[in-house]
Structure formats: structure tokens, C-alpha cells
Amino acid sequence: MDEVVLSTWGGWTPGGQPSPPPEAGLSLDPERKLKAFLGWDGVIILDGSVNVVDLARAYLDRARVESCGQCFPCRMGTVRMSEILNRICAGRGREGDLERLEKLAVQVKDTSKCDIGQTSPRPILDLIRHFRPVFREAIRSTEPIPAGSYLSRVTAPCMNACPSHVNIPGYLEKLRFGRWDQCLELVRQDCCLPGTIGRVCVRPCEFNCRRTRLDQPISIKWLKRFAADAEIRAGVAPDRAVDRPEGEAKADRVAIVGAGPAGLACAFHLGRLGYRSTVFENLSEGGGMAAVGIPDYRLPRDILGREIKVVESLGAEIRYGVNVGVDITVEEMLKGEFKAVFVSTGAPESASMRCEGEDAGYQCFMTGIEFLRETALGRKPIEGDRMAVIGGGNVAMDCCRTAIRSGFSDVNLIYRRTRAEMPADPVEIEEAKEEGIKFHYLVQPVEVLAKEGRVTGLKCIRMELGEPDESGRRRPVPVEGSEFTIEADAVVPAIGQVCVVDCVLPPEEYELTRWNTLQVDQITGQSKKPLVFGGGDCITGPATLIAALAAGKRAAKYIARQLETGKAEPDEADLMDGLINRLGVFLAREKMPFQGRTKRAEVEALPPEERIKSFDEVEEGLGPAAALNEADRCLRCYRIVLAAV
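Its first residue numbered 36, the sequence shown is counted upward by one per residue in my numbering.
In short, the hints are calculated from the structure, not lab data. Some clues are possibly wrong.
As the list claims (entries may be wrong) - Here are the computed lysine-lysine pairs in the DSSO-like style, where the Cα-Cα straight-line distance is at most 27 Å:
| # | residue 1 | residue 2 |
| --- | --- | --- |
| 1 | Lys374 | Lys563 |
| 2 | Lys285 | Lys563 |
| 3 | Lys602 | Lys370 |
| 4 | Lys415 | Lys374 |
| 5 | Lys344 | Lys374 |
| 6 | Lys148 | Lys626 |
| 7 | Lys564 | Lys285 |
Stated by the list, open to error - For each label pair, taking beta carbons as the anchor points, the in silico distance ranges come out as:
| # | residue 1 | residue 2 | range |
| --- | --- | --- | --- |
| 8 | Val535 | Glu487 | 29 to 35 Å |
| 9 | Val100 | Ala623 | 28 to 34 Å |
| 10 | Arg617 | Ala286 | 50 to 56 Å |
| 11 | Gly45 | Gly282 | 46 to 52 Å |
| 12 | Glu487 | Glu465 | 37 to 43 Å |
| 13 | Glu482 | Glu599 | 32 to 38 Å |
| 14 | Lys626 | Thr520 | 51 to 57 Å |
| 15 | Lys563 | Ala272 | 22 to 28 Å |
| 16 | Glu101 | Pro565 | 47 to 53 Å |
| 17 | Thr520 | Arg624 | 45 to 51 Å |
| 18 | Arg414 | Pro542 | 29 to 35 Å |
Note that CB positions come from ideal geometry on N, CA and C, so glycine has one too.
Can you build the whole structure from these sequences, using the hints too?
Right, dumping it as C-alpha cells:
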């Protein structure tokens with residue numbers, strides 16, 4: 036284990052965590068250990084050769100740039116502290132500089148309104164407290180201090196929780212001043228489907244919002260939707276929504292397999308880098324599961340369709356009805372006009388229930404994915420009055436609510452754990468209950484019942500919770516002798532999704548996992564074949580829409596790097612993000628100082644008795660006044676980190 040020269044980490048935040056040891060992840064990669072790490076909660080120094088004065092200078096140089104300038108102490112104080120430290124490092128220190136520096140740091144920390152000002156002085160004060168003689172000697176010396184090598188990043192609890200690291204405090208700040216256009220410009224740097232994500236994101240950012248430690252999280256998702264809807268209301272055409280890259284398009288063209296979220300994101304960000312792409316999609320429309328797996332009452336197709344047109348405006352061509360692996364292969368793409376391929380086939384198939392009768396071919400037995408897909412394409416795949424849906428995720432909720440809108444009057448959800456373990460969005464669960472869905476907890480299907488080849492019901496057994504399994508949730512255990520039957524005209528399992536990347540990439544030529552996902556570099560998305568990249572569910576298994584967008588964004592960067600330099604090595608920004616993820620940003624035990632409690636903005640939903648009559652969008656969105664007030668609740672919890680390498 037590396038020797039710790041100094042560690043004050045965790046000493047500033049009330050209720051914070053103890054100082055992490057070096058093995059907790061203070062390295063960019065296995066071959067590059069850090070010499071020092073400064074951040075919002077203190078200092079960790081692992082190498083005695085680090086010049087702490089120059090370390091402080093580098094940190095303050097970044098802090099002065101990030102200060103928003105809206106409150107005087109931070110705006111002027113960070114500039115003045117940076118000037119003092121730069122002068123000392125240049126060999127022009129003055130008597131009293133250390134006292135002035137310390138006094139300014141305390142004033143900025145105690146009087147600033149946002150976390151840039153409140154947290155940036157903390158590591159500086161720690162360094163002064165522990166290395167005062169070193170600072171005094173630097174002030175007396177006339178010899179310049181050589182500048183060290185440093186990396187810095189800006190994060191926030193919400194940004195860190197978002198897979199794509201969207202600059203959430205930044206775009207909320209734009210909204211606070213009514214600039215929805217600048218807000219969208221900032222969002223689209225990391226999220227190319229703001230109107231879509233603004234409706235259906237599972238919002239990890241909100242669960243990591245520091246206001247949860249004070250009152251209620253900010254309605255980040257709804258504010259993103261507000262900005263996207265404002266663009267539509269303003270009449271901005273899709274081809275005018277983003278700036279096109281300057282100059283001529285680059286000659287190299289990239290093929291993308293799948294027009295789902297990951298594929299669209301890759302095409303979008305390649306377009307912004309000047310590369311044209313061709314997207315091959317098996318369905319007759321783009322969006323993947325976002326189009327045919329999320330019902331219109333949650334995500335109207337015209338919203339998604341408009342955002343696909345924005346992607347196309349940057350030079351992406353989408354060829355629909357093409358079955359890659361049958362109509363054309365990846366190898367044929369590379370031998371033809373394409374210089375690289377991005378594979379984003381998703382996870383379009385359903386997992387097995389391992390239940391008797393599910394493979395018997397009974398009428399009105401249909402997987403959840405197929406049921407939602409067929410309904411989205413305008414067909415009514417199954418009919419009846421009573422439906423049993425098996426599962427506890429968002430797909431199961433969508434199946435239940437779609438069934439109600441499709442004419443089923445008695446819809447039962449069967450879940451083998453309790454409400455506390457359900458992975459579905461709590462909002463989806465509550466709205467499903469409002470619409471009359473019946474929930475059966477601690478129940479597991481045993482057999483699909485049928486008569487004359489048609490479903491008649493579902494034989495089930497009651498469960499009780501035992502010890503936690505590999506997911507961390509308590510394992511359901513059958514209760515002997517508790518079998519019972521739920522009568523049903525249709526049975527729809529929605530318990531998980533399966534990847535089919537082997538239909539596109541021959542397993543003998545690529546490295547596939549036992550879950551049939553493609554093995555790639557976790558940062559770059561590059562496979563064992565340098566010109567073939569992958570991202571989204573076909574890499575991670577079924578995940579979130581925002582995670583797929585993040586994968587497509589990253590892949591676009593590294594595809595461009597591979598084409599331009601011949602190497603797609605992880606860059607230092609992504610390595611720093613990985614380090615920050617390992618350390619953690621949101622502190623669930625943090626004790627927030629009282630700053631005035633406010634209520635979170637909520638959107639209005641159509642009454643249950645009205646919304647079940649059609650597939651019209653359920654939530655109405657925030658109005659302008661509510662959106663601006665909600666954006667004003669942001670505490671601007673930016674954190675600056677600096678690493679000496």
C-alpha cells in the first residue's frame with residue numbers, strides 16, 4: 036500500500052465519510068497512481084515530492100474559471116487568491132501573502148451562495164494548516180516553482196449520477212434566467228434526445244440531488260422536458276435545432292447497427308464531429324425500444340420522431356427494414372464504404388420465466404416486449420377481459436397500463452417480491468394503481484393454464500423473502516402448499532430482456548459473454564477488432580435509456596479518434612470520471628445546513644378515468660412560471676477536483 040503523506044478527506048462535510056485509503060481507487064488506471072488529490076472534502080497526498088504550493092495554485096486557477104460570478108465574494112475572492120498563489124509560484128511572494136490568502140479563503144467559504152465558493156477554499160485551508168512552513172518558505176524565496184502536471188474535472192452529485200454526465204447545474208442555471216435555447220444547447224452536448232429523456236428517464240440525478248438531504252429533489256427530468264417543449268412551441272425546425280459542424284464533412288463514413296438510443300446518440304455525436312453515418316435498422320421506424328417499447332401515453336411518437344430528425348440533420352442516413360446479419364454483414368460493411376462500425380442491437384428479446392406451459396404456443400400468451408411492440412405498430416395482438424402480467428419493472432408497468440387502454444378490464448400484476456424490491460419507477464407504480472391495476476406481491480407463476488390451446492389462467496404459488504441474492508434483494512422462497520389460480524384470458528410475462536448480438540456478430544470471431552453480450556473496452560467501446568465498436572444494452576445487458584445515450588456518445592468520440600490517430604485509448608477526462616465515480620460524490624448521510632425549505636414542482640396528470648380511454652400523453656409538463664421557480668431551487672452543487680499525476 037502506498038504511504039499516505041496527508042489525508043484530510045471527509046473532514047469538511049458533516050456526516051461525511053472517513054478518508055478513503057489509497058487502494059480505494061486513487062489511480063487513473065493500474066499503471067498510473069496519483070501523487071495527490073484535491074477536492075470538495077479535503078486533500079489526499081500520496082507522494083512527498085508534490086509541491087503543495089503549486090498544487091494549491093493549480094486548484095485555484097481552475098476554481099476562478101468555474102466561479103459563476105453571481106456573488107461578489109467568490110467572484111473576486113477566487114481571482115485574488117489565484118493571483119496571490121501565481122505570484123508566489125513565480126518567485127515574487129510578499130510579506131503577509133499567506134495571511135491574506137487564508138483570510139480570503141475563509142471569507143469565500145463562509146459567504147458564497149453556491150458550492151463552488153463554499154467548497155473550493157477547503158483544500159486550500161487544509162494545505163495551509165498542514166504545510167504552513169512550506170508556504171512561508173515559498174513566499175521568502177525568489178526562485179520560481181516549476182509547474183507540476185495536473186488533471187482537473189468539474190462534477191456534481193447529480194452530474195456524477197447521470198451516466199452521460201449531463202451538466203445539470205449548468206442547464207438549470209440557463210433555465211433560471213429563461214434561456215431555454217442555451218439550456219438545450221448545453222443538454223445536447225451530452226444528451227441528444229432531451230424531449231425523450233425529459234419524459235421517460237429513470238432520473239438517477241434526482242435520487243442524488245443534495246436537496247433530498249434538505250427537502251425534496253429538483254424536478255430535473257421535467258425541466259429538461261420543459262426546455263425541449265419550449266423549442267417546439269417556438270417553432271424551431273428540427274434541422275435548425277443544432278449547429279452543423281463547420282467545413283466539409285470528413286471523408287470516412289461510419290456504419291451503425293440499430294437506430295435505438297445508443298445508435299442515434301452515436302450518429303448524433305459523430306455528426307457533430309463532422310462524420311457522416313448510415314444507420315441500419317430492422318424496424319420500420321427509429322428509436323428502438325423507445326419507439327416500440329414505451330407506450331405513447333408516456334412518450335408520444337412525434338416527440339421521438341422530431342428528435343430523430345435532429346440526428347438526421349447532422350448527416351445521418353437511416354435505412355429501415357434492413358436485417359443486419361441477413362441482408363448485410365458487418366464484414367461486408369467494412370469491406371465496402373464504411374471505415375468503422377458501431378453495433379447497438381439492444382436487448383430486443385424476452386427472458387424466459389422457466390414456467391410450465393410458456394413454450395406450448397398457447398393463444399393469448401405473449402411476451403411483454405412483443406405485446407408492446409405489436410400495440411405500438413397499431414395492431415391488437417391479444418384480446419380478452421382478464422390479463423395477468425408477470426414482472427416488477429417498467430416494462431411490466433407499461434404492459435399493464437397498455438392492457439387497460441386496449442380493452443382489458445381486469446389486469447393483474449404478479450411479482451415475486453414485495454413493493455419495496457420493485458425496480459419500476461415509483462411514479463409508474465402509483466399511476467398504474469390509480470388506473471385500476473391489481474398488484475399481487477410475493478407470488479410466482481408455476482404453470483400457464485390453457486384449454487383447447489387457449490390461455491385460461493395462471494397457476495401460482497405464494498412466496499416469502501429469504502436471504503439476499505446476488506442482486507442484493509432478499510431471495511423469494513416458495514411457501515409449501517400455497518398454490519392458487521388466477522383466471523386470465525391472456526398471460527404476458529415481462530421479467531427481463533435478452534441480447535441477440537450473436538445474430539449480428541459471429542461468436543467465433545468476437546468475444547461474447549455468457550449473457551450473449553459483446554465484450555468491449557468499458558470506456559471506449561472498442562471490440563477485439565479495432566474498427567468494430569459496441570454500446571448500449573448489447574454490451575451491458577438491459578439498462579437505461581440514458582445509459583445507452585452515454586454509450587453512444589462515448590463511442591462516437593473514440594471511433595473518431597481511431598479513424599484519426601489509429602488508436603482509441605481512454606482519455607484522461609474519462610479516466611478522471613472513473614476515479615470520481617469510485618470515490619463517490621453524493622453523501623447520503625450529509626447533514627445539510629438549513630437554507631429554506633421549498634416544495635418540489637410536480638406536473639399535472641390527466642385523471643385516471645380519462646387517461647385510460649386513450650393513449651394520449653398522461654403528464655402535461657411544467658408551465659413557464661413553475662419551471663423557472665423550480666430551476667431556482669438548484670443549489671449549484673459543483674465540485675472541483677484536481678489530481679497531480
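Hint check results:
In summary, the hint linking Lys374 to Lys563 is supported, as the alpha carbons are separated by about 16 Å, within the 27 Å threshold. At roughly 25 Å between alpha-carbon atoms, Lys285 and Lys563 fall within 27 Å of each other, so this suggested pair holds. About 20 Å separates the Cα atoms of Lys602 and Lys370, which keeps this hinted pair within 27 Å; it holds. A C-alpha spacing of about 42 Å is found between Lys415 and Lys374, which places the hinted pair above 27 Å, so the restraint is violated.
Pair hint Lys344 plus Lys374 holds up; C-alpha atoms about 24 Å apart against a cutoff of 27 Å. The hinted pair formed by Lys148 and Lys626 meets the criterion: a straight-line CA distance of about 17 Å does not exceed 27 Å. Restraint check: the Cα-Cα separation between Lys564 and Lys285 comes to about 22 Å, which is no more than 27 Å; the hinted pair holds. The hinted range of 29 to 35 Å is satisfied by Val535 and Glu487, whose Cβ atoms lie roughly 33 Å apart.
At about 30 Å, the beta-carbon gap between Val100 and Ala623 stays in the expected band of 28 to 34 Å. Distance hint check: the CB atoms of Arg617 and Ala286 are about 40 Å apart, inconsistent with the given range 50 to 56 Å. The hinted window of 46 to 52 Å between Gly45 and Gly282 holds, with their beta carbons roughly 49 Å apart. For the pair Glu487 and Glu465, the beta carbons lie near 39 Å from each other, so the given range of 37 to 43 Å is met.
One distance hint, 32 to 38 Å for the beta-carbon pair Glu482 and Glu599, is violated here, with the actual separation near 58 Å. Checked against the hint of 51 to 57 Å, the C-beta distance between Lys626 and Thr520 comes to roughly 52 Å, which is consistent with it. Range check, Lys563 to Ala272: about 42 Å between beta-carbon atoms, so the 22 to 28 Å window is missed. For the pair Glu101 and Pro565, the supplied restraint of 47 to 53 Å is violated, since their beta-carbon distance comes to about 37 Å.
Checking the proposed 45 to 51 Å range against Thr520 and Arg624 shows it holds: the Cβ atoms sit about 47 Å from each other. Evaluation of the 29 to 35 Å hint for Arg414 and Pro542 yields a pass: the beta carbon distance comes to about 33 Å.
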